[in-house]
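Colleague: Listed below, chain by chain, are the residues.
Number of protein chains: 2
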Amino acid sequence: MRINQGTPKTDGFYMPCELAEHRCIYILWPERPDNWRNGAKPAQKVFKNLIEVMSKYEPVVVGVNQDQYAHVLGMNLPNVSVVEISNNDSWIRDTGATFLIDGKGGLRAVDWTFNGYGGLYNGIYFPWDYDDLIAAKMCNIEYADRYRTEGFVMEGGSIASDGEGTVIVTEETCLDPGRNPDMTKEQIEEKLKEYLGAEKVLWIPRGIYGDEDTNGHVDNVVQFVAPGKLLLSWEDNEDDPQYERSKEALEYLQSETDAKGRKFEIVKLHVPAPMYITKEESEGVDSVDGTLPRNEGDRMAGSYINFGIVNGAILCPQFDNEYDAEAIKVLQECYPDRVIEPIAGAREILLGGGNIHCITQQVPKP
Amino acid sequence: MRINQGTPKTDGFYMPCELAEHRCIYILWPERPDNWRNGAKPAQKVFKNLIEVMSKYEPVVVGVNQDQYAHVLGMNLPNVSVVEISNNDSWIRDTGATFLIDGKGGLRAVDWTFNGYGGLYNGIYFPWDYDDLIAAKMCNIEYADRYRTEGFVMEGGSIASDGEGTVIVTEETCLDPGRNPDMTKEQIEEKLKEYLGAEKVLWIPRGIYGDEDTNGHVDNVVQFVAPGKLLLSWEDNEDDPQYERSKEALEYLQSETDAKGRKFEIVKLHVPAPMYITKEESEGVDSVDGTLPRNEGDRMAGSYINFGIVNGAILCPQFDNEYDAEAIKVLQECYPDRVIEPIAGAREILLGGGNIHCITQQVPKP
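Protein chains in written order, with this note's numbering: chain L, 211 to 576; chain W, 211 to 576.
Read the hints as simulated data drawn from the structure, not as lab findings.
None of these values were measured; they are calculated from a predicted model.
It is possible that some hints are incorrect.
Copies of the same chain are indistinguishable here, so a pair counts whether it falls within one copy or spans any two.
[Claimed, not checked] Calculated lysine to aspartate or glutamate pairs in the EDC-like style (CA-CA distance at most 20 angstroms, straight line):
| no. | residue 1 | residue 2 |
| --- | --- | --- |
| 1 | Lys251 | Glu268 |
| 2 | Lys439 | Asp339 |
| 3 | Lys219 | Glu461 |
| 4 | Lys401 | Glu381 |
| 5 | Lys575 | Glu532 |
| 6 | Lys457 | Glu490 |
| 7 | Lys266 | Asp355 |
| 8 | Lys258 | Glu268 |
| 9 | Lys410 | Asp449 |
| 10 | Lys439 | Glu374 |
| 11 | Lys478 | Glu536 |
| 12 | Lys575 | Glu352 |
| 13 | Lys266 | Glu532 |
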């Protein structure tokens, strides 16, 4: 059911921290050949492995277009449900429902309006009509009533929540003229507080360097270790364009407090060494007018911060990069009670424009 | 998950009586214009009303093709989930999962092979590939492991189960050469026992007169009032071709006992007076080569036995027929603890080839 009166905040619902226990986790099967190279076959292999790893920790729901349904069903993976969810692409972090709890057993969700990362202004594909229905479909499967943000555009990857009243976003995404051009920063902040049941919104200026797909989503920049403690995408090399972005974010966060008045403890997580799209990779993508191209030599927006979270484990992207091992080490120190699962082949996900966090969406245990 | 070893019987699972408590009930949104007249719009009105009535008694899950999803979602009906299930037509009784329980909290299902009511031999539409995936999709949404009857063709409307070891079918359907032409009656009986966890299969010779769509499904002929007690489609007029079919079924059932050795108590439920497809109705159906036509003057296979069952209520088809009131009266006497809900406009469902039982499929409470 769509809820037509009130907001999550007025109704006592809020977005819990992703680290809180999950009921299950959703993922969408990748397909579109104008984004995923070689008919999405290399990406599908990586997604399948990720599904298998995640399903060791919690139930995984895989949303699939009809044309690939029988194929994915036929894998017959334990602890995995295969449901039909028509989609334009696989970024369920952004297109999926943002689930909310009330601490009393209730489960609801925000169904953000989605416009393909900027609509006709600077969106990266067209159309996005299937994607804009994904959240409703998840809610209907999960028996969760939903708040539809009619007209207010947002993506789940734009949001980090500590579950204790603090939400972190980036100005680069949330003030992007392709999203809500007629709203002020204050109005957007107010909407975020209402729909996420939050008290305070923090605004990191920019996302990571080269993140043209999302215009700088926060889920490449920071993730909570716990309330009051953050992992931050970092770059040591002062000559790298990422450096000033990381430094800017660090200084901003150090100058701020969270909703409970705490100063942040910040752990730096070094970004991978620069990675560039190869000729072969570029040529594997079907060129289509209106879809963001993947050009040879483009630097990809790699970030270990875009890891996944399941009950009892962290899913760390591995790029065959010199910083891979360090990422695992830092994550293990931050999450000592969780298994750190290295996910090989994360370059394939990155070639599509995001990473593990972008392609997963949790349903919290109510 | 598909279960690849064992059968429901070996694993202690069986099909409960439909009257046992439901978790929810599924229905598929009708669409195909070569079966439902006037672009399925009159049928959709009747389906919507039925959904609203059923949702007063238990959660209703509506499966919808992508192209009508936003429309059905927008109805925003309470206690109704709208999920995406691509389908070739709306007969979820036949294409859907047959759910099984073990009496210990377990829920599984049979995923029968479906071939469009007779495949290339005498099936009524082509293709049926979406329909053959419906059961798997239901199981994945309900987190129920499934037994796929690879190669063994059956439809849910071919089966009546008392939940105490007795299953009733018709020879006309189950021995139809379009289903399992290479199997003997004994082999088919054995499969039914294995997959339904049953002890005894009873074979009524024929279905009701004119049921060309299904070749005589049993769910137009009998329904359980309780174990040992049956409602039977009846015709008083000895000159009507239905008479000898009803009499034959009555005599057969009177000569038999159920799995527990009980003689049947049989209550007659008179079929509606003959109803014929009008010129206007026939012309409203898009004529398509390969789909069973709906010709002017054809007698329709009307039966009140094809009623629906939800927790606490019986959904009785109403055809604006002289026997409508009697049907309600008989059903109320048989089910004194249930509300009898008259469903107006059931002629629209019948024009498509079935009735309320054919378009619904329950999930029992495990």
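Colleague: Now tell me if each hint is right for this structure.
Modeller: Going down the list of hints, with the structure as the test:
1. Lys251 - Glu268: neither (25 angstroms within a copy, 42 angstroms between copies)
2. Lys439 - Asp339: neither (37 angstroms within a copy, 51 angstroms between copies)
3. Lys219 - Glu461: This pair counts as neither: shortest intra-copy Cα distance 30 angstroms, inter-copy 66 angstroms.
4. Lys401 - Glu381: within (15 angstroms within a copy, 63 angstroms between copies)
5. Lys575 - Glu532: neither (37 angstroms within a copy, 54 angstroms between copies)
6. Lys457 - Glu490: Answer is neither; intra-copy 34 angstroms and inter-copy 74 angstroms both fail.
7. Lys266 - Asp355: between (28 angstroms within a copy, 17 angstroms between copies)
8. Lys258 - Glu268: within (15 angstroms within a copy, 36 angstroms between copies)
9. Lys410 - Asp449: Neither: 34 angstroms inside a chain and 80 angstroms across chains, both beyond 20 angstroms.
10. Lys439 - Glu374: Classified as within; 12 angstroms inside a copy, 59 angstroms across copies.
11. Lys478 - Glu536: within (11 angstroms within a copy, 77 angstroms between copies)
12. Lys575 - Glu352: both (11 angstroms within a copy, 17 angstroms between copies)
13. Lys266 - Glu532: Answer is neither: 28 angstroms inside a copy and 60 angstroms across each miss the 20 angstroms cutoff.
Consistency with the previously given hints fails for numbers 1, 2, 3, 5, 6, 9, 13, ordered from lowest to highest.
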